[in-house]
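Position chain F relative to chain H; hints supplied.
In case you want the letters, here they are:
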Amino acid sequence: GENVEQHPSTLSVQEGDSAVIKCTYSDSASNYFPWYKQELGKGPQLIIDIRSNVGEKKDQRIAVTLNKTAKHFSLHITETQPEDSAVYFCAASRAAGNKLTFGGGTRVLVKP
Amino acid sequence: GAGVSQTPSNKVTEKGKYVELRCDPISGHTALYWYRQSLGQGPEFLIYFQGTGAADDSGLPNDRFFAVRPEGSVSTLKIQRTERGDSAVYLCASSYHGGGNYGYTFGSGTRLTVV
Numbered sequence: 206g207e208n209v210e211q212h213p214s215t216l217s218v219q220e221g222d223s224a225v226i227k228c229t230y231s232d233s234a235s236n237y238f239p240w241y242k243q244e245l246g247k248g249p250q251l252i253i254d255i256r257s258n259v260g261e262k263k264d265q266r267i268a269v270t271l272n273k274t275a276k277h278f279s280l281h282i283t284e285t286q287p288e289d290s291a292v293y294f295c296a297a298s299r300a301a302g303n304k305l306t307f308g309g310g311t312r313v314l315v316k317p
Numbered sequence: 006g007a008g009v010s011q012t013p014s015n016k017v018t019e020k021g022k023y024v025e026l027r028c029d030p031i032s033g034h035t036a037l038y039w040y041r042q043s044l045g046q047g048p049e050f051l052i053y054f055q056g057t058g059a060a061d062d063s064g065l066p067n068d069r070f071f072a073v074r075p076e077g078s079v080s081t082l083k084i085q086r087t088e089r090g091d092s093a094v095y096l097c098a099s100s101y102h103g104g105g106n107y108g109y110t111f112g113s114g115t116r117l118t119v120v
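Chains H and F supply the protein sequences, listed in that same order.
The first sequence begins at 206 in my numbering and counts up by one.
The second sequence begins at 6 in my numbering and counts up by one.
Bound-form chain H, shown alone (with noise of 0.2 Å):
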């Protein structure tokens, strides 16, 4: 089964500093790879969603990439604020709408 990798486990920076999280999944059939925000005592809340037939994405301050051939997607949030510390999932399905599996989680704390 698909198996993914979340990295780093935890992420503290600055305001105003860029944070990236990287994840690899070992699926090929996998297409289809959201980004999750998680707040104590929540659910996760979808961020941003791509594709494989979509290199880049891009909303806002947040960017998602998709490297197919490497297996490998990075979550890229910048001009940092306080409202960005949670914890972030990155997860890989073979569809949109199947069964997700997740990565370990990134804990990210935005210092002021």
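Treat the hints as calculated values from the structure; they're not laboratory data.
For clarity, every value in this text was computed on a predicted model and none was experimentally measured.
Backbone N, C-alpha and C define an ideal beta-carbon position, used for all residues, glycine too.
Any given hint might turn out to be false.
[As the list claims (entries may be wrong)] Cut-off 20 Å, straight-line C-alpha distance, at most; resulting in silico cross-link-like pairs (SDA-like, lysine to any residue):
#1 Lys-247(H) - Leu-26(F)
#2 Lys-247(H) - Ser-10(F)
#3 Lys-247(H) - Glu-49(F)
#4 Lys-247(H) - Ala-7(F)
#5 Lys-247(H) - Leu-44(F)
#6 Lys-247(H) - Ile-31(F)
#7 Lys-247(H) - Arg-27(F)
#8 Lys-242(H) - Arg-116(F)
#9 Lys-262(H) - Gly-108(F)
#10 Lys-247(H) - Asp-29(F)
#11 Lys-247(H) - Lys-16(F)
#12 Lys-242(H) - Gly-45(F)
#13 Lys-247(H) - Thr-118(F)
#14 Lys-247(H) - Ala-93(F)
#15 Lys-83(F) - Ser-14(F)
#16 Lys-247(H) - Ser-113(F)
#17 Lys-247(H) - Ser-92(F)
#18 Lys-247(H) - Ser-43(F)
#19 Lys-242(H) - Gln-46(F)
#20 Lys-16(F) - Gly-246(H)
#21 Lys-247(H) - Gly-8(F)
#22 Lys-276(H) - Glu-207(H)
#23 Lys-242(H) - Ser-113(F)
#24 Lys-263(H) - Gly-108(F)
#25 Lys-242(H) - Ala-93(F)
#26 Lys-247(H) - Asn-15(F)
#27 Lys-247(H) - Thr-12(F)
#28 Lys-242(H) - Ser-43(F)
#29 Lys-227(H) - Gly-45(F)
#30 Lys-242(H) - Glu-49(F)
#31 Lys-16(F) - Leu-245(H)
#32 Lys-247(H) - Ser-14(F)
#33 Lys-247(H) - Arg-116(F)
[As the list claims (entries may be wrong)] Listing some non-contacts, in silico: residues in chain F with all C-beta distances to chain H over 12 Å:
#34 Pro-13
#35 Lys-22
#36 Thr-57
#37 Gly-58
#38 Phe-70
#39 Asp-91
Chain F alone, transformed into the frame defined by chain H:
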């Protein structure tokens, strides 16, 4: 409703007891998913419904776990003879299969503690 609703938000039960966890998806969402999240880990897939039927139940850990969605809306996750290892947050999500947007919307989860 506006979001995915899960009840109860917290459940404490004794080892060996039976529990039911309820999920109310977003109105009109045809797909419903159950995941389990242990402390400090990512969610793990349990089961996925498309309408009333289970499209994929490969994540259910054993036959003590069962889920139903009899009318294609509300779903109940049932756990028999609970064990301490079942303690986790059980997350439900729903999505609309149509158009180009397949993103899940998760509920806040039910925190199950087996003592």
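(message) If we take the beta carbon of Thr-57(F), is the closest beta carbon in chain H still more than 12 Å away?
(response) 16 Å, holds
(message) Just to be careful, I want the Cα atoms of Lys-247(H) and Ser-113(F) compared with a cutoff of 20 Å; is the pair within it?
(response) Holds: Lys-247(H) and Ser-113(F) sit about 5 Å apart, inside 20 Å.
(request) Say whether it holds or is violated: Gly-58(F) keeps its Cβ farther than 12 Å from all Cβ of chain H. (result) Check passes; 14 Å lies beyond 12 Å.
(message) For a C-alpha distance cap of 20 Å, please report whether Lys-247(H) and Asp-29(F) respect it.
(response) Between Lys-247(H) and Asp-29(F) the Cα gap is close to 16 Å, so the pair holds against 20 Å.
(request) For the pair we were handed, Lys-276(H) and Glu-207(H), check the Cα-Cα distance against 20 Å. (result) 12 Å, holds
(request) Could you grab the alpha-carbon distance between Lys-242(H) and Gly-45(F) and see if it respects the 20 Å cut-off? (result) Roughly 14 Å between the alpha carbons, so the hint for Lys-242(H) and Gly-45(F) holds.
(message) Tell me if the straight-line CA distance from Lys-242(H) to Gln-46(F) falls inside 20 Å.
(response) With Cα atoms ~13 Å apart, Lys-242(H) and Gln-46(F) stay inside 20 Å; holds.
(message) Please verify whether Lys-242(H) and Ser-113(F) have alpha carbons no more than 20 Å apart.
(response) 13 Å, holds
(request) Mind checking the alpha carbons of Lys-247(H) and Ala-7(F) for me, to see if they're no more than 20 Å apart? (result) Status holds; Cα separation ~15 Å.
(request) Quickly compare the C-alpha distance for Lys-247(H) and Leu-44(F) to 20 Å and report which way the hint goes. (result) Satisfied, since the Cα-Cα distance of roughly 13 Å is no more than 20 Å.
(message) What's the verdict on Lys-227(H) and Gly-45(F), does the C-alpha distance respect the 20 Å limit or exceed it?
(response) 18 Å, holds
(message) Lys-247(H) and Lys-16(F) were given as a pair; does the straight-line alpha-carbon distance stay at or below 20 Å?
(response) Holds, at roughly 16 Å.
Every hint, counting from the list given before, is met by this structure.
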